[in-house]
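Protein chains in written order, with full-length UniProt numbering: chain A, 1 to 434; chain B, 1 to 434.
Hints may contain errors.
It does not matter which identical chain is used: a pair holds within one copy or between any two.
[What the hints assert, rightly or not] The calculated lysine-lysine pairs, modelled on DSSO-like cross-linking and capped at a C-alpha distance of 30 Å, are: (1) Lys34 - Lys227; (2) Lys87 - Lys278; (3) Lys87 - Lys56; (4) Lys207 - Lys434; (5) Lys27 - Lys56; (6) Lys278 - Lys308; (7) Lys261 - Lys207; (8) Lys231 - Lys207; (9) Lys34 - Lys24; (10) Lys261 - Lys24.
Hints were generated in silico from the structure; no laboratory data involved.
Protein chains: 2
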Amino acid sequence: MTHRAVRWYPPSFDIRVEDVPKPKIEKPDDAIVKVTLGALCGSDLHIYRGHGGVDKVHTSGHEFIGEVIQLGDQANAQKEGNLPELKVGDKVVAPFTVSCGECQYVYSSFCGHYGLTVTISVCRVGYTCRCPSGFLFGSPVLEGGQAQFIRVPHAAATLLPLSTLFPSGKVPNDSSLLLLADILPTGVFGALQLLNHPKVATIRDGKPWPDHFAFPISNASTVSTMKEEDKTLNLAVIGLGPVGICAIVALLDALWRGSLKYRIVAIDLLEGRREKMKVVYDRVMQNEADKKQFGEFVVLPPDEAKAKVAEWTNGIGCTGVLEAVGHIDALELAFDLVRAFGTITSVGVHGAAQIPFTGRQLYNKNISLDFGRCPARAMVPLAAELLLKRQDVFGEVGTASSLVDRVAPLDEAPEMYRKFEKGDVGKVLFDPWK
Amino acid sequence: MTHRAVRWYPPSFDIRVEDVPKPKIEKPDDAIVKVTLGALCGSDLHIYRGHGGVDKVHTSGHEFIGEVIQLGDQANAQKEGNLPELKVGDKVVAPFTVSCGECQYVYSSFCGHYGLTVTISVCRVGYTCRCPSGFLFGSPVLEGGQAQFIRVPHAAATLLPLSTLFPSGKVPNDSSLLLLADILPTGVFGALQLLNHPKVATIRDGKPWPDHFAFPISNASTVSTMKEEDKTLNLAVIGLGPVGICAIVALLDALWRGSLKYRIVAIDLLEGRREKMKVVYDRVMQNEADKKQFGEFVVLPPDEAKAKVAEWTNGIGCTGVLEAVGHIDALELAFDLVRAFGTITSVGVHGAAQIPFTGRQLYNKNISLDFGRCPARAMVPLAAELLLKRQDVFGEVGTASSLVDRVAPLDEAPEMYRKFEKGDVGKVLFDPWK
């Protein structure tokens with residue numbers, strides 16, 4: 001039994017579509033999923049270009065949706081963690097990393113200092129992307145979703161059935177569901193991490209220091225009295241790829257829900273990305289015009305963005321900056337844009353370069369930083385709410401506002417990788433049955 | 001009219017006690033304060049050693065308390081910001097930086113990109129240590145408190161009268177009041193910033209991701225269910241100088257007030273500092289023995305601390321690490337100790353060295369970082385509550401548990417600086433009238 005799969009070959013730029021053995025149940029909590037759509041994501045390019053330190057041939061792709069066709073005999077045995085019961089025939093979204101949902105596993109530390117065999121708590125806290133028995137799909141240790149079938153470990157703790165995500169029965173279309181695998185939860189994660197940082201919450205809630213410290217409650221008085229004009233959130237988003245655009249849609253949704261006053265500058269070097277951002281924003285506003293009173297929104301290249309922030313904030317800078325690029329230059333821009341006592345949320349996938357700040361720079365500006373990968377399994381339910389609400393933005397393929405450029409057959413994968421790497425095509429979904 | 005003052009001379013290690021012109025009102029919102037006690041602080045050593053990039057002779061010292069003896073004719077004219085009314089004769093605590101309380105000042109940016117003349121909001125949000133018209137006492141731009149008299153700019157927005165801080169009339173003793181100038185509010189700031197970071201609050205409140213995001217409220221479900229054993233806060237404090245000890249006393253107070261379960265490892269390379277920490281802890285526990293049930297507390301050198309954290313947390317690491325050293329080595333230790341999805345709060349004064357982490361390290365461990373100076377004016381009221389409550393720890397001079405080693409006359413300043421720099425004496429207060 002074989003199936004068609006997109007295979008990566010070392011050292012780089014070598015993608016082949018091949019017939020390989022069909023995946024089968026290997027462990028009792030596995031599921032086999034028939035892939036409806038797999039996708040090409042910007043971070044696939046790390047491995048494609050040979051930057052991932054990978055030398056093992058494997059099936060590519062960490063984004064996919066599909067249908068459960070087989071379950072291991074212990075797939076639903078786990079009683080912890082509020083897990084849905086999986087059934088053959090379930091249509092499912094797969095977060096881009098596997099998670100066990102309970103974390104009772106052997107663990108070797110991230111730092112290499114400890115080699116203990118231990119019990120730990122990661123998934124139970126919702127940190128699903130750092131589950132010690134959780135791997136990234138489409139990596140040397142776990143075959144990916146650019147294929148007809150895929151094996152999903154810890155299936156019940158990893159997969160999310162559409163019936164769980166959309167209990168009303170109203171379900172977004174397939175091409176937009178694919179966005180739940182990675183980029184939309186990552187955008188939501190970035191937006192909520194930014195808006196919930198204490199330095200942003202200070203302005204958001206109009207509670208000056210130290211009153212903004214929720215714990216422990218004190219009766220001590222403060223010197224400060226915030227005025228109305230202090231309560232506008234000045235925010236910047238750097239990087240308008242699919243994740244950056246998702247983050248902005250999530251930010252706007254959250255800001256509107258809270259009736260908060262804001263100014264957002266959305267920043268990218270590339271004109272094409274800026275144009276798409278503008279079209280998406282217009283599309284969103286068309287259906288939310290009454291909410292425009294709360295804010296301002298501009299899309300600019302970096303230098304013009306700096307000038308705009310200076311004008312908006314009288315030179316002081318943004319309370320929060322979201323960095324969705326994963327490059328040192330973007331962190332430097334974020335530092336230039338952020339105010340003293342501001343925070344930078346980075347959801348970009350960063351590499352081997354050292355963080356470009358001195359301790360004195362961070363001390364002198366009282367900067368906060370949040371780094372890291374979206375715990376997608378934990379964030380997908382929130383992202384699903386937004387996806388359904390914003391089908392006007394996410395529901396289309398190949399239009400000026402859509403985040404998905406086209407749906408291609410698997411056999412076009414080598415060409416699509418080449419074009420995607422050069423920027424000649426946007427986000428591509430693969431239909432393995434086309 | 002002259003007064004006695006401790007003067008720093010370039011390039012380094014040159015401290016003289018001299019008669020210099022007595023300070024006088026220069027601006028209408030100035031006050032002149034008769035200094036009761038000034039102090040020597042670890043960060044004075046930056047300038048003493050010639051590391052501060054300073055070449056101007058000036059009066060040293062950013063920590064002092066005293067009595068108002070003269071007020072400019074506009075000292076109480078400011079109506080904003082919940083300011084106390086200052087009167088001649090008021091006994092006052094001075095935070096180590098000046099702040100205007102309203103921030104309607106010309107501002108040139110922190111980054112040097114903007115040269116605009118603008119109106120901004122800093123003090124109104126409580127970020128008093130970054131007030132654009134606020135300077136550090138004992139620096140080339142503002143004479144310090146190791147002297148008989150001192151001029152205090154923006155007096156009503158900077159100084160805190162004891163009658164405001166201690167409305168009950170019960171007032172801590174003078175040597176402990178001096179701790180309110182810097183090290184106790186800095187410790188409280190570090191402790192509260194750590195305990196209020198979202199990644200600590202997740203564990204503190206037992207709310208797994210994404211439920212811990214307070215904003216905006218969502219009905220989406222989560223995969224995760226936290227167990228009781230997940231709710232213990234594993235914390236580390238690196239650096240047991242006076243600020244580190246204050247931070248730990250503040251941490252313990254907050255944890256007890258919240259009835260939270262915790263484990264704390266307190267870390268220093270120096271045995272003498274570890275011994276003082278143990279004595280302070282025993283002193284605190286002597287009066288809070290019923291609260292011991294909530295936690296564990298150990299004091300260790302770095303390598304043993306790593307092993308203890310591995311044992312406590314089964315190799316996963318601490319949820320929060322407080323760094324009170326201001327050195328790259330301490331940040332590296334913090335990184336080794338912190339868990340994935342953990343946070344590092346740094347209150348150390350950092351220098352020109354680049355942050356020693358790659359983007360990949362921070363991404364792969366989902367690390368958060370908070371840097372910066374304590375906004376002391378905003379934090380002093382909270383610190384004052386703790387000071388009064390913990391006179392058993394802070395109220396003594398020269399005992400094994402006290403943070404103040406001795407009170408010396410001004411004329412001994414050159415000798416005290418020499419000994420302090422070599423570690424032969426602990427924190428020294430100067431009585432300029434002795």
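request  = Using 30 Å as the alpha carbon limit, work out where Lys34 and Lys227 are close: within a copy, between copies, both or neither.
outcome  = Cα proximity of Lys34 and Lys227: none, with 57 Å in one copy and 35 Å across.
inquiry  = Reference check for the pair Lys34 and Lys24, CA-CA at most 30 Å: within, between, both, or neither?
reply    = within (11 Å within a copy, 82 Å between copies)
ask   = How would you classify Lys261 and Lys24 at a CA-CA limit of 30 Å: within, between, both, or neither?
value = Neither: 53 Å inside a copy, 45 Å across copies.
query = 30 Å Cα cut-off: does Lys261 pair with Lys207 within a copy, between copies, both or neither?
reply = both (15 Å within a copy, 28 Å between copies)
ask   = How would you label the pair Lys87, Lys56 (within, between, both, or neither) given a Cα cut-off of 30 Å?
value = neither (33 Å within a copy, 77 Å between copies)
key: Identical-chain pair category, Lys231 with Lys207, by Cα at 30 Å   = both (9 Å within a copy, 27 Å between copies)
ask   = Quick one: Lys207 to Lys434, C-alpha cut-off 30 Å, is that within a copy, between copies, both, or neither?
value = neither (56 Å within a copy, 44 Å between copies)
key: Within, between, both or neither, where Lys278 and Lys308 count as close if Cα-Cα is 30 Å or less   = Within one copy, since 17 Å is at most 30 Å while 53 Å is not.
Homo-oligomer pair classification [Lys278, Lys87; C-alpha up to 30 Å] = neither (42 Å within a copy, 58 Å between copies)
Homo-oligomer pair classification [Lys56, Lys27; C-alpha up to 30 Å] = within (22 Å within a copy, 72 Å between copies)
In this structure, the hints that do not hold are numbers 1, 2, 3, 4, 10, in rising order.
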